[in-house]
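Trainee: For chain L, the structure is supplied; the task is to place chains D, B and E on it using the hints.
4 protein chains.
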Amino acid sequence: MTERAAVKAALKTQAVETPSWAYGNSGTRFKVFAQQGVPRDPREKLDDAAKVHEFTGVAPTVALHIPWDKVDDYAALARHAEERGLRLGAINSNTFQDDDYRLGSVCHPDAAVRRKAVDHLLECVDIMDATGSKDLKLWFADGTNYPGQDDIRARQDRLAGALAEVYERLGDDQRMLLEYKLFEPAFYTTDVPDWGTAYAHCLKLGPKAQVVVDTGHHAPGTNIEFIVATLLREGKLGGFDFNSRFYADDDLMVGAADPFQLFRIMYEVVRGGGLSGDVAFMLDQCHNVESKIPAIVRSVMNVQEATAKALLVDREALAAAQREGDVLGANAVLMDAFNTDVRPLLREVREEMGLDPDPMGAYARSGWAEKIVAERVGGRQAGWGA
Amino acid sequence: MTERAAVKAALKTQAVETPSWAYGNSGTRFKVFAQQGVPRDPREKLDDAAKVHEFTGVAPTVALHIPWDKVDDYAALARHAEERGLRLGAINSNTFQDDDYRLGSVCHPDAAVRRKAVDHLLECVDIMDATGSKDLKLWFADGTNYPGQDDIRARQDRLAGALAEVYERLGDDQRMLLEYKLFEPAFYTTDVPDWGTAYAHCLKLGPKAQVVVDTGHHAPGTNIEFIVATLLREGKLGGFDFNSRFYADDDLMVGAADPFQLFRIMYEVVRGGGLSGDVAFMLDQCHNVESKIPAIVRSVMNVQEATAKALLVDREALAAAQREGDVLGANAVLMDAFNTDVRPLLREVREEMGLDPDPMGAYARSGWAEKIVAERVGGRQAGWGA
Amino acid sequence: MTERAAVKAALKTQAVETPSWAYGNSGTRFKVFAQQGVPRDPREKLDDAAKVHEFTGVAPTVALHIPWDKVDDYAALARHAEERGLRLGAINSNTFQDDDYRLGSVCHPDAAVRRKAVDHLLECVDIMDATGSKDLKLWFADGTNYPGQDDIRARQDRLAGALAEVYERLGDDQRMLLEYKLFEPAFYTTDVPDWGTAYAHCLKLGPKAQVVVDTGHHAPGTNIEFIVATLLREGKLGGFDFNSRFYADDDLMVGAADPFQLFRIMYEVVRGGGLSGDVAFMLDQCHNVESKIPAIVRSVMNVQEATAKALLVDREALAAAQREGDVLGANAVLMDAFNTDVRPLLREVREEMGLDPDPMGAYARSGWAEKIVAERVGGRQAGWGA
Amino acid sequence: MTERAAVKAALKTQAVETPSWAYGNSGTRFKVFAQQGVPRDPREKLDDAAKVHEFTGVAPTVALHIPWDKVDDYAALARHAEERGLRLGAINSNTFQDDDYRLGSVCHPDAAVRRKAVDHLLECVDIMDATGSKDLKLWFADGTNYPGQDDIRARQDRLAGALAEVYERLGDDQRMLLEYKLFEPAFYTTDVPDWGTAYAHCLKLGPKAQVVVDTGHHAPGTNIEFIVATLLREGKLGGFDFNSRFYADDDLMVGAADPFQLFRIMYEVVRGGGLSGDVAFMLDQCHNVESKIPAIVRSVMNVQEATAKALLVDREALAAAQREGDVLGANAVLMDAFNTDVRPLLREVREEMGLDPDPMGAYARSGWAEKIVAERVGGRQAGWGA
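Quick mapping for you: the protein sequence lines, in order, are chains L, D, B and E. Under the numbering used here, the letters of the first sequence match residues 1 to 386, in that order. Under the numbering used here, the letters of the second sequence match residues 1001 to 1386, in that order. Under the numbering used here, the letters of the third sequence match residues 2001 to 2386, in that order. Under the numbering used here, the letters of the fourth sequence match residues 3001 to 3386, in that order.
To be clear, the hints were calculated from the coordinates, so they are not data collected in a lab. On a predicted model such as this, the values are computed, not experimentally measured, just so you know. There may be inaccurate statements among the hints.
[Stated by the list, open to error] With a Cα cut of at most 25 Å, we get these calculated DSS-like pairs of lysine-lysine: (1) E/Lys3204 - L/Lys204; (2) D/Lys1208 - D/Lys1116; (3) D/Lys1236 - B/Lys2236; (4) L/Lys236 - E/Lys3070; (5) D/Lys1134 - D/Lys1031; (6) D/Lys1134 - D/Lys1116; (7) E/Lys3070 - L/Lys208; (8) L/Lys31 - D/Lys1070; (9) D/Lys1031 - D/Lys1008; (10) B/Lys2204 - B/Lys2134; (11) D/Lys1208 - B/Lys2204; (12) D/Lys1031 - L/Lys70; (13) L/Lys31 - D/Lys1116; (14) B/Lys2031 - E/Lys3031; (15) L/Lys134 - L/Lys70; (16) B/Lys2031 - E/Lys3070; (17) L/Lys208 - L/Lys116; (18) B/Lys2031 - E/Lys3116; (19) L/Lys116 - D/Lys1204.
Just chain L, same shape as in the assembly:
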């Protein structure tokens, strides 16, 4: 197989998981701008996700969020997905939207609140059993807003206890993916603020606990690809929540703010053997002002383009330049891949997969956008609260 063929083969087997909540309404604390045609229930979210997969060919799974995607019959939901060529992906827990969680969930000072939160996490594992999902993705909004508000260390103890209980409940091929986030909604301390904290907890829990890197959850100036390389080296990279940011956790389309950074991240994934392993590639974005489905299609394409460029890096030439200490030469090898226009290559990949080479255009021409605007009238649009 030629190198170009190998690159194309890798691109054809890539999989990017889209999140059910990105199909619903979202916004900032100031305003949620509702859009027309937005799904009213989990099935309609899957219908939209099926379109993303239909036109990109590499978005076969959909992450669910509990309780936003709570249904009575998960088997039926899974069948609904399968009928559209999809599978249900990671189960995302929610321990931040009940009034009880004002001061935290698994780290709350009150044991009763912690119990409730852990029970929700255990219920999520039950749902995984029903859906066949392999990954439990945990993000905790826990933290404090004011110095002194709670005891930093005691909260870590409570967190460790909760995680251990949930870890015990996991089945043999189930994983716990622990997400970290610098801040928001907590503004003084966050209980899992950085990869180090997530890593330390996962290490103690065991091999089924791994770290999720959300690309928008770091302090300014953080070198994310370094973290990716380090976690892969430690065998502790569970997956990505992709999105992009200029400021805080902006949740813009992945690759929109800094495509070079996304390329560097994907290069470390490729270099560290993460492309063909168990690393989950998930989107976690908000489409507050732009059309949702096309934004998700574009995001999947952005991941593909970054991956294609990462795969095109001439690693032998790079290694040689690095060995020789040729700073400019090594940098040039990397930049040569980044500067390559990979869109023609990806068009070929799509054609070979039997897809339209232009997913954005194909979606636009499909009439789906008009159809859902016309048909999804009445009911309550899905959003972060539902």
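Mentor: Same frame as chain L, now just chains D, B and E:
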């Protein structure tokens, strides 16, 4: 008058404006935690604000937000305030919560949306005429989320046109206070992102246009007191929106995150003659997890404490050390004031004003919190959306 | 002329000024790693700069730094440049390396030090007269390290006085370019920390005073292209000091850290009419660990590539999408240009200019690197201190 | 023992290590401003350090830096220290100032450079044996400036190998303290950029390897006290390098930029049992524009004041408020301690220790400053390069 007496006199005449919306519910994009006893209408907000003034003695005015505080009879609202020892303060506009404003308001590409937004601003001046408010405070959520989304420069032209039209409408003793903010809700460009942009517009508009410094609206590392000193030197500091932050626009209680910074800001205010002039000292905060009225009392006290310390700086000794290039000596003069425990002084000030020396305790003992929880049952709690 | 021809024509007339000091040794506070073959005097710097111009065709001028490039006979130096196809560019002042400047230069509390600093600036204008340079570039390291160390406002007064005196001395076609910088070497306040401060001073001085944007001198998260668009709109953008950064003022090769940002900046330049006007495009970089001349060649090429992409933006399609509020469509127009591989186009441009299409390779093959290592033996290598 | 007596007892036994290099000249990449009276050799540095201890009573040890403090006879140097009431403290390695280290030391692509670096580290352990020092403090300037310059993961492998070899060499009561730093002098990747990386390496090495928190080495917005609490919980906090910062690694006097942060850090130390254990409290600062010895005295006092406030926190009241979820109450308990003026208490502590209650004044009156200016004439002043 001794120096101590002069400091106390200055503290007695200080005035901190509290914002009507801080008495209502607020939260993050993830969740608004409702609190018991929260006001249901503008009058109840004023009732709460009256308690803050009653126990601190230095919070005599309340900022209104239109349309959240829209009423049929502003004269009656003003009387309601006066009967409680209050006056109505700045009028705050809202051009970010209508569906039309998805892509901006006064900077929107569509002239019809801009017209609507300007009309709202003009209506705010009408309300100022009715309430007797002197200040129109403008914050624009305008901006873009993606590179290319709109033309940066054209948006500035539109902004300039809108501001000019509103400026023309201002009465002789009315001011336009233009607020800047780095980001949020826009995540790529904000149309008034920094003091330089606000300053440039105000300069062209004329003397009735001035800049508002919101202490939470800067990039990490920005030296806010430098901006304060510079704007005072230019005669363009219109006021403050006080709050504090560790990360982004956290909107925590002023002085909670970095009391030393607040002291440095207040020192520049004192040094630049801003304490006795037209600078408006306003709070603009969210009390998402803490009790609202006590949090506002505490915030007013934090401003008082920072001001007291700033007034205690031995300016002659400071100037002498600065002249001599005595770095450590000059710094020590400033730190000596900061390290002083000014709480006893402020207790004296309050006693001399006929107040309880302990505002937090006095409020707690007053029974107001229990009363509003008991009485404010039913109806719709005020929040950012109402 | 076809659009492609117009783009090529614009690229052929582009000019990037290289700084004499980038040819000498540089480093961090921890270590300056000396390189072999580094120039020992201003003439040898010009010899190296001539190579950059020889292989890129768009680097015809060289910025000087006084006193690092002080010579007895500037006319002779100018002739040395001309004989190599170069002209002398901006004169950069240095008011930060004398022991007197420990607490500042033009903002120093001691009038004698201020006098010395202003005299140096006036001397720089004398040198401009001798070299025919049009631009005086002013960067002040002035600031303080500790709160209270000096009076922020008094320092602004001193700054204004110094600038006014130098402004008066400028000839009819000479400009003063005022650079701002957030921090370093001052760590608490910097006297010209942001574009707003530089703009306010330039505005008062008059039309010959303009702002320089150094791409590495901003707080994290600052949107530099917004500043560029704003300064162009105000007619106050004097020029750029190009370099790139991940953290602070890293002074890496322009375009190395965030090529998408450089493209966005160049797009605003093109859109604001800055490409064909008086805006000076200068590099200001350090090559601490990489070979200097090739790094400068690469940097010039990076500016060219960003400019080419900016010129390729389909502005009609962009304007149409912006008018329609088509967020994804407008973004796609911009990204289409960014994602284009412009290296073939630039190879054509070079061939049409009679140059080797591969400047890096051509320089490597030229033998210049080996020649200067062999010949420049003995003497004292140029660096930031000489 | 009353609580006040317990606080005073704790303050009397506190120990802050001062760094030999802070007595010498330092600066930024732009300029090192030499000061009069600066030591010319390690003994003179110890003489100055003895003054800091003489007037503060809590600075009994001095950190050495190899090779800057290299001497022929370390036993003699230790005696010189003892005669002045001092002991030699941590040994700091230097693998960043030889020309070989341009591309790194223990992470360098060339095995020969790595060998040299490891040999230096082993030599530092030899010196520890000679001086009786317990701690080897490792800071690596290793990293890269450009994407692609070297392989991130391979560098981690090299780092791990080097650390393991040095760890093996440690004696039974010797520790390895591993410092992390976000950036500088490397501007793209740093090989130990954050606490997570340092922690992961220390965990694998074993109990004698611990993490050092340098308060200036974090990304903007990082919550340092969270890291401190977490490392104490993990038993992996080896010590502090104290200094303060507004922007990057400013190396200002500890407590100068954000005294509230220093207090919060010291509170977590107290709360986590770190005050009475093995945590090393070291200064690591630069006194570029201020007088060095008084700046170090002031810094030691700043640590004392923050510690005193931390000890004064009413931990029972705090725990009660935290248990009840009383956000404002818990915060108020913490703030009450912070707002206390502890200078009178510390004056008492000093008097009870037989010291002058005013260390700054006592030093100024001692005549030492004048004496060293008069006597230390000629020779070569110590600085970061010697």
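Trainee: Does the structure keep lysine 2031 of chain B and lysine 3116 of chain E at a Cα separation of 25 Å or less?
Mentor: 18 Å, holds
Trainee: Taken at face value, is the distance from the CA of lysine 1116 of chain D to the CA of lysine 1134 of chain D at most 25 Å?
Mentor: Roughly 23 Å separates the two Cα atoms, so the pair holds.
Trainee: Please work out if lysine 31 of chain L and lysine 1116 of chain D have their alpha carbons no farther apart than 25 Å.
Mentor: 18 Å, holds
Trainee: Below or equal to 25 Å on CA atoms is what counts here, so check lysine 1236 of chain D against lysine 2236 of chain B.
Mentor: 20 Å, holds
Trainee: Decide if the proposed pair is consistent with the structure: lysine 3070 of chain E and lysine 208 of chain L, CA atoms, cutoff 25 Å inclusive.
Mentor: Status violated; Cα separation ~50 Å.
Trainee: Holds or violated: lysine 1031 of chain D and lysine 70 of chain L, Cα atoms, limit 25 Å.
Mentor: The hint holds at about 19 Å.
Trainee: Assess, step by step, whether the Cα of lysine 1031 of chain D is no farther than 25 Å from the Cα of lysine 1008 of chain D, and give holds or violated.
Mentor: With Cα atoms ~42 Å apart, lysine 1031 of chain D and lysine 1008 of chain D exceed 25 Å; violated.
Trainee: Lysine 2031 of chain B and lysine 3031 of chain E: Cα distance at most 25 Å?
Mentor: Within the cut-off at roughly 13 Å; holds.
Trainee: Tell me if the straight-line CA distance from lysine 1208 of chain D to lysine 1116 of chain D falls inside 25 Å.
Mentor: 23 Å, holds
Trainee: Does lysine 1134 of chain D pair with lysine 1031 of chain D here, judged by a C-alpha cut-off of 25 Å?
Mentor: Roughly 35 Å separates the two Cα atoms, so the pair is violated.
Trainee: Hinted pair, alpha-carbon criterion (25 Å max): lysine 116 of chain L, lysine 1204 of chain D. Please report holds or violated.
Mentor: Not satisfied, since the Cα-Cα distance of roughly 58 Å exceeds 25 Å.
Trainee: Holds or violated: lysine 208 of chain L and lysine 116 of chain L, Cα atoms, limit 25 Å.
Mentor: Holds, at about 23 Å.
In terms of the numbered hints stated before, the structure departs from hints 4, 5, 7, 9 and 19, listed from lowest to highest.
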